[in-house]
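**Q** With the hints as your guide, set chains C and F onto chain S.
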Amino acid sequence: MANAVMILFAAVFTSNIALTYLLGMCPFIALSKKMSTSVGMGIAVTVVITLTGIINWPIYYYILVPLKAMVLEYIVFILTIAALVQILEILIDRFAPALAASFGIFLPLIAVNCAVLAVSLFIVLRDYTFLQTVAFSFGSGFGWMFAIVIIAGMREKMELFSNVPKGLIGPGITLILAGILSMAFTGFGGMLKIK
Amino acid sequence: MKIEAVKDKSLFYMLVFILVLGTISSGVLFTVARKMAPIIKKQKAMASETAILNAFDISYNKSNIVDIFRKNVRSRSAGDMTIYNSTGGLRAIELEGSGLWDVIRIVVSFNSSLTKIHRVVIIYQEETPGLGGRITEPKFLAQFKGKDITNGIRIVKRVRNPVNEVNAITGATLTSKALEKIINTGIKGIKRMTNVD
Amino acid sequence: MSIKRIVYTKTYQTLYNGIWKNNPVFSMVLGLCSSLAVTNKVENGLAMGLGVTFVLVASNMFISLIRSFIPSKLRMIAYMIIISTFVIIADQYLKGFYPLISAALGPYLALIITNCIIMGRAEAFADKNSVLISIVDGFANSVGYTVILVLMSVIRESMAFGTILNYRVAPAWWTNWVIMAIAPGAFFVLAIILWITRIKARVCQI
Numbered sequence: 001m002a003n004a005v006m007i008l009f010a011a012v013f014t015s016n017i018a019l020t021y022l023l024g025m026c027p028f029i030a031l032s033k034k035m036s037t038s039v040g041m042g043i044a045v046t047v048v049i050t051l052t053g054i055i056n057w058p059i060y061y062y063i064l065v066p067l068k069a070m071v072l073e074y075i076v077f078i079l080t081i082a083a084l085v086q087i088l089e090i091l092i093d094r095f096a097p098a099l100a101a102s103f104g105i106f107l108p109l110i111a112v113n114c115a116v117l118a119v120s121l122f123i124v125l126r127d128y129t130f131l132q133t134v135a136f137s138f139g140s141g142f143g144w145m146f147a148i149v150i151i152a153g154m155r156e157k158m159e160l161f162s163n164v165p166k167g168l169i170g171p172g173i174t175l176i177l178a179g180i181l182s183m184a185f186t187g188f189g190g191m192l193k194i195k
Numbered sequence: 001m002k003i004e005a006v007k008d009k010s011l012f013y014m015l016v017f018i019l020v021l022g023t024i025s026s027g028v029l030f031t032v033a034r035k036m037a038p039i040i041k042k043q044k045a046m047a048s049e050t051a052i053l054n055a056f057d058i059s060y061n062k063s064n065i066v067d068i069f070r071k072n073v074r075s076r077s078a079g080d081m082t083i084y085n086s087t088g089g090l091r092a093i094e095l096e097g098s099g100l101w102d103v104i105r106i107v108v109s110f111n112s113s114l115t116k117i118h119r120v121v122i123i124y125q126e127e128t129p130g131l132g133g134r135i136t137e138p139k140f141l142a143q144f145k146g147k148d149i150t151n152g153i154r155i156v157k158r159v160r161n162p163v164n165e166v167n168a169i170t171g172a173t174l175t176s177k178a179l180e181k182i183i184n185t186g187i188k189g190i191k192r193m194t195n196v197d
Numbered sequence: 001m002s003i004k005r006i007v008y009t010k011t012y013q014t015l016y017n018g019i020w021k022n023n024p025v026f027s028m029v030l031g032l033c034s035s036l037a038v039t040n041k042v043e044n045g046l047a048m049g050l051g052v053t054f055v056l057v058a059s060n061m062f063i064s065l066i067r068s069f070i071p072s073k074l075r076m077i078a079y080m081i082i083i084s085t086f087v088i089i090a091d092q093y094l095k096g097f098y099p100l101i102s103a104a105l106g107p108y109l110a111l112i113i114t115n116c117i118i119m120g121r122a123e124a125f126a127d128k129n130s131v132l133i134s135i136v137d138g139f140a141n142s143v144g145y146t147v148i149l150v151l152m153s154v155i156r157e158s159m160a161f162g163t164i165l166n167y168r169v170a171p172a173w174w175t176n177w178v179i180m181a182i183a184p185g186a187f188f189v190l191a192i193i194l195w196i197t198r199i200k201a202r203v204c205q206i
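Chains as they are written, first to last, in this note's numbering: chain S, 1 to 195; chain C, 1 to 197; chain F, 1 to 206.
No lab work stands behind these hints, which were simulated from the structure alone.
Keep in mind that this is a model prediction, so the values were computed, not measured.
Where is the CB? At the ideal position from N, CA and C, for every residue including glycine.
Don't take each hint at face value.
[Stated by the list, open to error] Computed cross-link-like contacts, DSSO-like style, restricted to lysine-lysine with a CA-CA straight-line distance of at most 27 Å: (1) F/21 to C/42; (2) C/181 to C/147; (3) S/33 to F/21; (4) F/200 to S/33; (5) C/177 to C/157; (6) S/166 to F/95; (7) C/44 to F/95; (8) C/62 to F/200; (9) C/116 to C/35; (10) C/177 to S/68; (11) C/147 to C/116; (12) S/166 to F/200; (13) C/35 to F/95; (14) C/181 to C/139.
[Said to hold, decoys possible] Some chain S residues near chain F, calculated using beta-carbon distances under 7 Å: (15) 22; (16) 25; (17) 26; (18) 64; (19) 66; (20) 70; (21) 74; (22) 76; (23) 118; (24) 163; (25) 171; (26) 176; (27) 187.
[Said to hold, decoys possible] Derived, one-sided and incomplete: chain S residues facing chain C with beta-carbon distance under 10 Å: (28) 6; (29) 14; (30) 15; (31) 46; (32) 69; (33) 71; (34) 75; (35) 122; (36) 127; (37) 129; (38) 130.
Pulled out of the complex, with its shape left as it was, chain S reads as follows (with noise of 0.2 Å):
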């Protein structure tokens, strides 16, 4: 299995979670319309992945597999991300309101994106070593949001000089975006050379 930093590197270009894997898609579609509201939600996302990653990794190895119930996989994995979102939130809440002002709504829907559960969901399906996880895990969030600031440049700068389709607003000129930028990142592929 690849090393760690080939990991790193993998989940942020060629193997990007949001334009490879097609995770996250909800906020990434809703949210990238201004620059800073993407900002923020890629710092919050790649902590939240990096941190649920880090911590589901031992929760599964030291305690799901040792009393056999790793059929409680999900529900184990879902709620310690519930959880740490919620601490997340009160610890913004207390040290940093305005940042939790900004966010409103959407930090606890950090929950329920998809990509932080599947990052947990692949950590144990490809057998990671810790520090796999831990770059996988950072990789994943950073690639996310990588791509989402991306797509905010670009729809801020359509704001102001395109004249989109009344039925592609919104949504719809997003997935146009994401699919061509989508294309772009498949010239990554090649980029890494095995030693």
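**A** For chains C and F alone, kept in the frame of chain S given last:
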């Protein structure tokens, strides 16, 4: 109603609720898992047997896989490797190795004199969809038929020596290299095993 | 009841909203991850649609059944536990009886848990309505969702592989548009479907 008044205020009620819900849910799931476990295990074994039958070009129906396998395939183990021999004279081995993301499990079949590959069948892979994942496509796998294994095979960007080279998947260099390594390890293994006896 | 009066029954309204007016995919723009990811082949899109139907109807029914017992502060957690349980049941069933489809869907079946449609209906409808109409609502939204998924997979599979449900449908001269099998194709097809349906259903932009 009493419940209305209690449920929104009492911490005790909330704890009881979660406990009851959690227990019911776990109970249901453990029961389902116990019931399904043997069925799922059988499916995994059938996946291997199906792949081996495919590698030997032996036809089968969903219902008689196990019978057809028993009738047409003999296996011989030595150490950690099992060689499957078909009644038609072909030989096959099951291989596993690291891909880019997760393991890749394949079956490779050879002609009886162990000079050429007959077929490569992918049992399991978790490579990037649309890129590495394309190693399961029939067009890619069909390339392996008849390739000479004297010096191992190579999966390359541009085929210069069609005797033992096939085209890699565009944009999936790592997965292609991983697959090449798995097949060549298998070739060395089966040669070693058959020269020993 | 005369035909005209049927239009005003709650059942009809629920069905109409779930399938067309507030279609979860093109109107509410929910459940995008799965709409994009598993629609590369019709069998996958169909399996996903059926999976969501099972989970949505079952969880709507169950949540509606116990809605008076759920403490309001624990709503989200209760929904998560209930929805996850049904998803795991569906997952185990597929692994045991349809392992090829389970492998093709991969982790996306488990992601039904985070499918905003199911959580959304639980919160917006099942929590406040009786069991029977909740079942109808779950069914309606599932149908709306499945129809879009199957539509997308038919388009993508026929262009990317020349087949529908593995039967060859494309003429001999057709060159496979492989891009339809991967992410960009999904984005473009959904965009066009959204375009057409939103104009037809006269949905305002979000």
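**Q** Decide, hint by hint, whether the structure agrees.
**A** Now the hints, each set against the structure:
no., hint, verdict
1, F/21 to C/42, "violated (45 Å)"
2, C/181 to C/147, "holds (15 Å)"
3, S/33 to F/21, "holds (25 Å)"
4, F/200 to S/33, "holds (24 Å)"
5, C/177 to C/157, "holds (10 Å)"
6, S/166 to F/95, "violated (44 Å)"
7, C/44 to F/95, "holds (10 Å)"
8, C/62 to F/200, "violated (45 Å)"
9, C/116 to C/35, "violated (44 Å)"
10, C/177 to S/68, "violated (36 Å)"
11, C/147 to C/116, "holds (5 Å)"
12, S/166 to F/200, "holds (12 Å)"
13, C/35 to F/95, "holds (12 Å)"
14, C/181 to C/139, "holds (20 Å)"
15, 22, "holds (4 Å)"
16, 25, "holds (4 Å)"
17, 26, "holds (5 Å)"
18, 64, "violated (13 Å)"
19, 66, "violated (20 Å)"
20, 70, "violated (11 Å)"
21, 74, "holds (5 Å)"
22, 76, "violated (9 Å)"
23, 118, "holds (6 Å)"
24, 163, "violated (14 Å)"
25, 171, "holds (5 Å)"
26, 176, "holds (5 Å)"
27, 187, "violated (12 Å)"
28, 6, "holds (8 Å)"
29, 14, "holds (7 Å)"
30, 15, "holds (5 Å)"
31, 46, "violated (20 Å)"
32, 69, "holds (8 Å)"
33, 71, "holds (4 Å)"
34, 75, "holds (7 Å)"
35, 122, "holds (8 Å)"
36, 127, "holds (7 Å)"
37, 129, "violated (12 Å)"
38, 130, "violated (17 Å)"
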